[in-house]
Amino acid sequence: MSAQITMIEALNRALADAIESDPKVLLFGEDVADGEGGGVVGISGGLSTRFGNERVRSTPIAEQAIIGAAIGSSLNGWKPVAEIMLMNFVTVAMDMLVNHAAKLRFMSGGQTGVPITVRTMTGAGIASGGQHADYLEAWFAHVAGMKVIAPSNPEDAYGLLRSCIDDPDPCIFIENLLLLGAKGPAPESDHRVPLGKAAVAREGTDLTIVSHSRMVIESLGAAEALASEGISVEVIDLRTIQPWDKPAVIESVRKTGRLMTVHEAAKPFGIGAEIAAVVNHELFGKLKAPVFRLGGAYCAVPFTRPLEAAFAPDASRIVEGARAMIK
Amino acid sequence: MKNSYVPDAETLVEIFRRMALLKANDEHTRRLMATGRLITPYYSYRGQEVIPSALSVSLTDDDYLCTIYRGIHDMLAKGMPLKELWAEVAGRVDGTCKGKGGPMHITYPKKGIMVTTGVVGSSMPIANGLAWGSKLSGDGRVTVATFGDGASNIGAFHEALNLASVWKLPVIFLCQNNQFGEHTAYEKATSAKQIADRAVSYSMPGVRVDGNDPYEMYAVAAEAVGRARAGEGPTLIEAVTFRFHGHVMGDDDSYMDKVRKQAAIEADPYPRFRARLIADGIADEALLAGIEAKHNAAIEAAIECALAAKFPDVSELRQDVYADDSLVPEESYA
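Here the protein sequences come in this chain order: A and B.
When the letters of the first sequence are read in order and numbered with the numbering used here, they come out as residues 125 to 451.
When the letters of the second sequence are read in order and numbered with the numbering used here, they come out as residues 530 to 863.
Bound-form chain B, shown alone (with noise of 0.2 Å):
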């Protein structure tokens, strides 16, 4: 790590900032399909939000995301606007995608969430295409390809590797090492010690990090952003966290060791992350319970817009399969 990447007082107020977005909108989430009023297939990324919010403050707008199931701390940390996202979540006709995508496959061009994939490891070679025609026009973006372990052991991950780095492309392989590939953990399915170790397979740097601290993932993310801005070429990242929940909202988590599971709650980078920032004077106890309350607010207020919003007309069904409707086959219609 080198010293140049020690965030300052703006960017860890900036980092905490996303980090309380991206925890209160997946309690809400949780607490909303509680009571029915959503449903919706929902994989939880609580205890994870360092990583995206220690990231996207090194991105612009204009830098490119490909995410996956798991994903909308990755959209939210990018830029997403709550009320498009709770809209599309909700299936509504004013989402992000008019309701067609869902929270699995959610667009938003206008902030560069280009691709969010339902199919594990397919982010990367994707990932792989935005950063060529990115290095191919000299435009500068950085693209990040954000996966979890279980998609290092996929083809896909190793074809999108080994491509980038043969081509030097400006792109980020960021897993976020939560210790469960769905309901495997780990050491029962990867066959490497630690999956930045892979890197060394295809010729690029391999950075593992703990991804539940905010200081070490800022310095590598910015690092690997630098790197690719400047035509250096891929970089993975493997950061190390731990899903506080089961794979999917619903799914009953025996297969989680419980002991390593309360530990891992118990050591929530969340509440760690906000009293060091008042310890160390970057922030005191107003201004983040501001940031919380805000928050709280603007999602509470995009749900209830949500909900009150219209579903899409059937007829969707016959548009943007492809870019002239009257291409659908008649038959089709429902």
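Same shape as in the complex, but just chain A (with noise of 0.2 Å):
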């Protein structure tokens, strides 16, 4: 076996290695560099000491303010990562995002791009409550111009990030906080996930689980218990959430024949209706049950442990949800 990392460890190890084989790379944010702790959970931890303060600094909490310096050096030919702590902070920052981000390379015709990386951290369970804890994927799935990106273990986690600093389009790095101490195997640094290549998590037969950042390992626990029942699960961790792998799922599916959606974002107009809708489509007729959706309930996330506990999809309910699509 192979040495293993913590997710931290690899996003650590992914900034690092990016700005030290491109000196065009800037990393900022709310408290990133090592005299403010490297990171409010050190993800960045070493950083500024290693490259000095110019290129990993920290920065007033005033996330417009970071999401307009992160996109102007990057009309100026840097490669900025910006890091909004926290995903529900990314709202603060919308017009930046949405209006300017997304769309600057459209409206100017293709004379300009935005050529950023936002990472921010999110997800329920560990008590945050309803303005920490949000997923807010398909916001940014929904504007035209940005790309979406949920890794669910620490090897993807590099080579994802790697390649989102190197692309050319705005792209929001999602970074699951219970999964920052899940381990998994090191990766090279020559690793890089494709954006827009979903992986196929585990293989099966019956039914398809898409999938994306920790409800991917509810998906793979849920799949463990399924097979002691005699029923076969394909999960596949999209990774990339916009462009999503839409080959992959369609792929998959004609196979199983059932499509079962999980995500920790509220199920109304939630991405899984996006998947569903597209794979109806293709697959009309040929499906064996209805397209299943799993989501967070429709509320904010709550504090109190019981009713959070009861917030996001897990694997139990996945198993439930399964039973009943193949019975």
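Simulated from the structure, these hints should not be mistaken for lab results.
Quick caveat, the model's predicted, so the values are computed rather than measured.
No incorrect hints appear here.
No farther apart than 25 Å at their CA atoms in a straight line, the calculated lysine-lysine pairs in the BS3-like style are these:
id	chain 1	residue 1	chain 2	residue 2
1	B	697	A	148
2	B	790	B	722
3	A	148	B	639
4	A	412	A	391
5	A	321	A	370
6	A	379	A	451
Put the two chains together into one complex, using the hints given.
Shown next, in the form of structure tokens:
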């Protein structure tokens, strides 16, 4: 077995390798420099000491200013990685992201592009309540010009983050708070995961589960439990939410005849709805069961433990859903 | 104001040349829209010509500009070519942005025109990024963010000025205080007696200047450009002016005080500056009339060229969304 590293180590290594290999890469955000702790959970620890406070820089708590600095420096030839500490805080910078980062390439007729990477953390499960835990990937997937990425393991996190930093388009890179300590094989420095390519996290024949981020881990747990009941589940880890890997999903569902989508964001208008609609269109009449969607409850992420535990889908609800689909 | 920032004769004529271009372009635009041959949202800048004209003579093509929906005067002063501008305003394929941006979203990097925003206040955070990039690379460029008085009340202004000051960026925040934020008069919307005062909160120089006086405006702008280029940090300039027309072409401007408006039009800085150049012996009537005639001919040619040009093909809907056009979902094809 190869060396194991955590998600935090993988992200730190990806940032370090990117900054080291390309003098145009910048990293900035609230508290990211070592003087401020190297990031609120240490993801950028050591980087400002190693690369200097110009290229790894702590900012005021001012999300519009942060994303504006990213957009402007990218127009000036830099490759900025901006950290918006928690995904809910992107709401403060939505004008910069939606009206400017996503649209400048189109509105300029291709004269300019905005090659920025916005790293942000989120996820229910640590009692942070309604304004520190939302998954807002569907908002960004709906804005033409944005790319949305959400890894489920350290190796993919490394490869996807490196790809985002080198990508010519604006990328929103979502890190799950509960997975930060999760371990996986250590990637090589040339490891890349192409954007837009899903991974088959587990092969199966009876049901396809399409998921991303932490819900992939829940889906894999459910698949293991279902295997003991004789139900063979294929788990697809989207990795990139937009542009999503439509051929991989269609191919899998064509084989299994059943599709379940699982995400932590609320089910109504979530990305599962888009995937379900496309699969229904492509495989109309060939599905053995209606597409089944699982998502977070339609409420703010709750604080208290029993409510928070019931908020997001988990392996047991995935198992129940799968049983109903196969029956 | 430092004595060293007195414009010489050549600079004064150049400021006039730019003002004449801006004024003529506005007049042609409004005239053409009235005929129905041009349909576009249009935010007239008539009355504000001095500000970008007297600033831009201190900038180079390499310096950056982030402007706003009322920004065609800023672009023209920065060197935007008429043919590409008019083709864009008319939505034609040979416009600067292939007709996909329109007058509110023009980009023209060849002259440093990097962003034109339709969102109040949003020029400033992006200007910081451009300026930061220049500071990091040491390329010596200055970035100018222009905006109106209304924008000094939005969060982006405050976030941007704070960051620019903390990071000592080579950026100039140029507020064109035309007395109205859309339909609302300055006094009803802005707590500060003058916008320049807001610079105090961000520990940067804040200068209020008569934006209709080319001599004063030149001096203040030249000093701010010099500060930025020397690495001494940002400046907030409040250039006081008056918008001769309503917020957008077609509104009835009933919210504008008629007496104030009439007084502003009577004090039109264009004929005043023109007469002074002649009275001071800087230029003669023939020179200035020649400049005006040349602009009019060039604008008329650009308009005819634009209106005769092709519209972009609908396949452009799939282009420039991403760097790789093939990533656009097929379902979106109209």
